[in-house]
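**Q** Residues per chain, in single letters:
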Amino acid sequence: MRINNKEILADTQDTKIIKLGIHAPYIAQKAQPGQFVVVMVKEEGERIPLTVVDTDKNEITLILEEAGLSTKLLGKLNKGDSLYALVGPLGHPADIKNYGKVILVGGGVGIAEIYPVAKGLKEKGNYIVIILGARTKDLLFLEKELKGISDELYITTDDGSYGRAGFTTDVLQELLKSGVYNLVYAVGPIPMMKKVSGITRDSGIKTVVSLNAIMLDGTGMCGSCRVTIGKEVRFTCVDGPEFDAHLVDWDELEKRNRIYDEKEKHICKLYGL
Amino acid sequence: MKEPVKIRELDSDERINNFNEVVLGYSEEEAFKEASRCLQCKNPACISGCPVGVDIKKFIYQITQKDYQAAYSTIREKNDFPSVCGRVCPAEYQCRMACVLSKKNLPFASREAINIHFLERFVADYGMKHCSSKQEAVNPVRSKAPGATAPPTAGTSNGVSHEFKDKKVAVVGSGPAGLCVAAELARQGIKVVVFESLHKPGGVLRYGIPPFRLSRNILDFEIDYLKKLGVKIVPNFIVGRVKMLDELFSEGYSAIFLGLGAGVPSFLKIKGENLCNVYSANEFLTRVNLMCAYKFPQFHTPVNTGKNIIVIGGGNTAMDAARVALRLQKINGITANVTILYRRSEVEMPARRPEIEHAKEEGVGFKFLVQPKELTGDKNGYVRKIRCLQCRLGEPDSSGRRRPIPIEGSDFEIECDLVIIAVGLKANKLLTSVTPDLKVDKYADLVVSPDTMETSIKGVYAGGDIVGGEGTVIEAMGMAKKASRAIIKYLCRD
Numbered sequence: 001m002r003i004n005n006k007e008i009l010a011d012t013q014d015t016k017i018i019k020l021g022i023h024a025p026y027i028a029q030k031a032q033p034g035q036f037v038v039v040m041v042k043e044e045g046e047r048i049p050l051t052v053v054d055t056d057k058n059e060i061t062l063i064l065e066e067a068g069l070s071t072k073l074l075g076k077l078n079k080g081d082s083l084y085a086l087v088g089p090l091g092h093p094a095d096i097k098n099y100g101k102v103i104l105v106g107g108g109v110g111i112a113e114i115y116p117v118a119k120g121l122k123e124k125g126n127y128i129v130i131i132l133g134a135r136t137k138d139l140l141f142l143e144k145e146l147k148g149i150s151d152e153l154y155i156t157t158d159d160g161s162y163g164r165a166g167f168t169t170d171v172l173q174e175l176l177k178s179g180v181y182n183l184v185y186a187v188g189p190i191p192m193m194k195k196v197s198g199i200t201r202d203s204g205i206k207t208v209v210s211l212n213a214i215m216l217d218g219t220g221m222c223g224s225c226r227v228t229i230g231k232e233v234r235f236t237c238v239d240g241p242e243f244d245a246h247l248v249d250w251d252e253l254e255k256r257n258r259i260y261d262e263k264e265k266h267i268c269k270l271y272g273l
Numbered sequence: 001m002k003e004p005v006k007i008r009e010l011d012s013d014e015r016i017n018n019f020n021e022v023v024l025g026y027s028e029e030e031a032f033k034e035a036s037r038c039l040q041c042k043n044p045a046c047i048s049g050c051p052v053g054v055d056i057k058k059f060i061y062q063i064t065q066k067d068y069q070a071a072y073s074t075i076r077e078k079n080d081f082p083s084v085c086g087r088v089c090p091a092e093y094q095c096r097m098a099c100v101l102s103k104k105n106l107p108f109a110s111r112e113a114i115n116i117h118f119l120e121r122f123v124a125d126y127g128m129k130h131c132s133s134k135q136e137a138v139n140p141v142r143s144k145a146p147g148a149t150a151p152p153t154a155g156t157s158n159g160v161s162h163e164f165k166d167k168k169v170a171v172v173g174s175g176p177a178g179l180c181v182a183a184e185l186a187r188q189g190i191k192v193v194v195f196e197s198l199h200k201p202g203g204v205l206r207y208g209i210p211p212f213r214l215s216r217n218i219l220d221f222e223i224d225y226l227k228k229l230g231v232k233i234v235p236n237f238i239v240g241r242v243k244m245l246d247e248l249f250s251e252g253y254s255a256i257f258l259g260l261g262a263g264v265p266s267f268l269k270i271k272g273e274n275l276c277n278v279y280s281a282n283e284f285l286t287r288v289n290l291m292c293a294y295k296f297p298q299f300h301t302p303v304n305t306g307k308n309i310i311v312i313g314g315g316n317t318a319m320d321a322a323r324v325a326l327r328l329q330k331i332n333g334i335t336a337n338v339t340i341l342y343r344r345s346e347v348e349m350p351a352r353r354p355e356i357e358h359a360k361e362e363g364v365g366f367k368f369l370v371q372p373k374e375l376t377g378d379k380n381g382y383v384r385k386i387r388c389l390q391c392r393l394g395e396p397d398s399s400g401r402r403r404p405i406p407i408e409g410s411d412f413e414i415e416c417d418l419v420i421i422a423v424g425l426k427a428n429k430l431l432t433s434v435t436p437d438l439k440v441d442k443y444a445d446l447v448v449s450p451d452t453m454e455t456s457i458k459g460v461y462a463g464g465d466i467v468g469g470e471g472t473v474i475e476a477m478g479m480a481k482k483a484s485r486a487i488i489k490y491l492c493r494d
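Chains as they are written, first to last, in this note's numbering: chain Y, 1 to 273; chain R, 1 to 494.
It is possible that part of the hints are untrue.
Stated by the list, open to error - 25 angstroms max Cα-Cα, derived BS3-like pairs, lysine-lysine:
1) Lys379/R <-> Lys265/Y
2) Lys489/R <-> Lys232/R
3) Lys379/R <-> Lys191/R
4) Lys57/Y <-> Lys144/Y
5) Lys119/Y <-> Lys206/Y
6) Lys231/Y <-> Lys373/R
7) Lys30/Y <-> Lys243/R
8) Lys72/Y <-> Lys373/R
9) Lys191/R <-> Lys42/Y
10) Lys231/Y <-> Lys379/R
11) Lys271/R <-> Lys231/Y
Rather than coming from a laboratory, the hints here were simulated on the basis of the structure.
These numbers come from a predicted model, not from an experiment.
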């Protein structure tokens, strides 16, 4: 649970993205692409889920964007500090196999989450197309790593400061018009995943998303992260986090993810963060 | 006949403002007086009413002799966590119901029955204060007690059996069953490692039962006691994820006990159940009890509250959730308004009678013979109303309780802004789904041999709620003790 290394991937006026290498041999040896861990910064802290971005023999890599109090406190930890709690790997691993041609869409901090899946799919011989989206150039990260494992890489920024001006979904739409793909895998803000899902629904391409519902224990005992998939209620932590994008009730997820917004604002203000 | 001695409790007006323990316990004088009511029956039925067979007659007699140390030994001989059981045991359905003083033909003990649980609690709390040195823990009182069943191998010196010195047992889950097995085995000198998936040990005693029913000092004391016995507790460790059962065996564990609990909340499967501010009782209680959301923002985990809170269910979990919800309202300066909806009538409620009384005293409202049909929300997705059907009672069902029958056309609505669903729990499949050799039944509970609690895998035992579904703390301990005896025998086989 000791932080072996820390790297600030992006630091703009309002957004900070941090990469942590954490000593966790048991988890490192078992974690597979698509799985996550639950982290507590301190005894009084929350339990927050974070995707395992990479593993080494004794170390796992986590990438987080400072958003609420817990991610901000996590971002304040330094090399040598220890987490209060770290448990995992949780959730189902991604279904890594040969699909053929795959498009992976990563938006914002979701870029981190597509990395392990893209790597796994590449190893299985898939043709990998990656679309990355960030608000601005300074918030883009893992570009080099993702370039190394992709056959095609597209970058979009909202403000046009790097790559193409616009959204990941613009590129996706164009690619689908001109080519045949077997799988779309998307991780990012809910509006992005929802839009991706809308685009691929018509063409009937299998589309997988990794959801970021609010979790507590992460092991299936609370139901905080329940989502509606088709007509079924599923727990993101144990039944997911990946689901068929075309079956997700996005509206419900978006609303449920906001239920602590006020409390989050309040506590951040209190702690001066 | 002498009147039962009333237990001292925090005043309800005062206690709803905090999470302090409600029941204060007997003084020495009160305990003596209550113990003196015991008839010391020739054939004490109370003992057979106890799932772990505590010699109730004997320890009550020892109280009347003011030999509390001996009374403590008597209880500890059979019960590893008397201070916990003295607080959370549903005694009115068990030992007290069997008490000869209780009126018969009632679904639970009448008030005349000896307050066995309060006496147990008095003795346990005495023991905690006076008999808790490290030496006591290592030299178990059990080995000194005459008549105690000797373990199959008796070669002990310094209280530690040499036969087991190379044996190591893994316990998965640190709830009542797991902790009990750990204590039983450690006492025989067996190395025990308890793996817990959460960051703190205790299982349902920690995340489920609120501090006002089981003070965290008590729980921590009992867990410390285990550590003094040499038990190692590893939190944040999920067996079935970081280690599989066969890996534990190959790492030198001779046997494994699975006390996985019934961890997954059931929902009603009605419309609107995923609206915002609809919680499972498990989530609501875990936020408050384990994560201390009632101390937000000092603790960082939030929990929402509401002006009109509805709790659905009639078990202990529903009572706990309602009383927690009411306290959260008070703490947040909201007028208390919590209503429990239950589809049968009060007498069929599975909750402990004192907890129903406590809830009533604190101002929790009850609506009986009500079945929820649908939840409706506002445009932001927050729950606003619950639509229900009135029920009547029909013939008894398989549980022996009269079945609720919804009355067509009796629909009515209640306004609400927070709903807690407490309608039971099912097995967590985290481990069983990755261990195909573990035989499960249609509820995904583990199938065990009833005599030994051994699962379909040799050397793997199980007990608690993962066997046969939801039960009580003491029932879990009963199974754990049976499993412990079988594990000891298993370790002796070679």
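**Q** Look at each hint and say if it fits the structure.
**A** Do the hints match the structure? See the list:
Pair hint Lys379/R plus Lys265/Y holds up; C-alpha atoms about 22 angstroms apart against a cutoff of 25 angstroms. Distance hint between Lys489/R and Lys232/R is fulfilled; the C-alpha atoms sit about 22 angstroms from each other, no more than 25 angstroms. Distance hint between Lys379/R and Lys191/R is unfulfilled; the C-alpha atoms sit about 57 angstroms from each other, more than 25 angstroms. For the hint linking Lys57/Y to Lys144/Y, the alpha-carbon distance of about 22 angstroms falls within 25 angstroms, and the restraint holds.
For the suggested pair Lys119/Y and Lys206/Y, the alpha carbons sit about 19 angstroms apart, so the restraint of at most 25 angstroms is met. For the hint linking Lys231/Y to Lys373/R, the alpha-carbon distance of about 17 angstroms falls within 25 angstroms, and the restraint holds. With a C-alpha separation of about 9 angstroms, the suggested pair Lys30/Y and Lys243/R falls inside the 25 angstroms cut-off, and the hint holds. Taken as a hint, the Lys72/Y and Lys373/R pair is broken in the structure, with Cα atoms around 42 angstroms apart against an allowance of 25 angstroms.
Between Lys191/R and Lys42/Y the alpha-carbon distance is near 30 angstroms, which puts this suggested pair outside the 25 angstroms criterion. Taking the CA atoms of Lys231/Y and Lys379/R, the gap is near 21 angstroms; set against the 25 angstroms cutoff, the hint holds. Only pairs whose Cα atoms come within 25 angstroms are accepted, and Lys271/R paired with Lys231/Y is accepted, the gap being roughly 11 angstroms.
In summary, the numbered hints that this structure violates are 3, 8 and 9.
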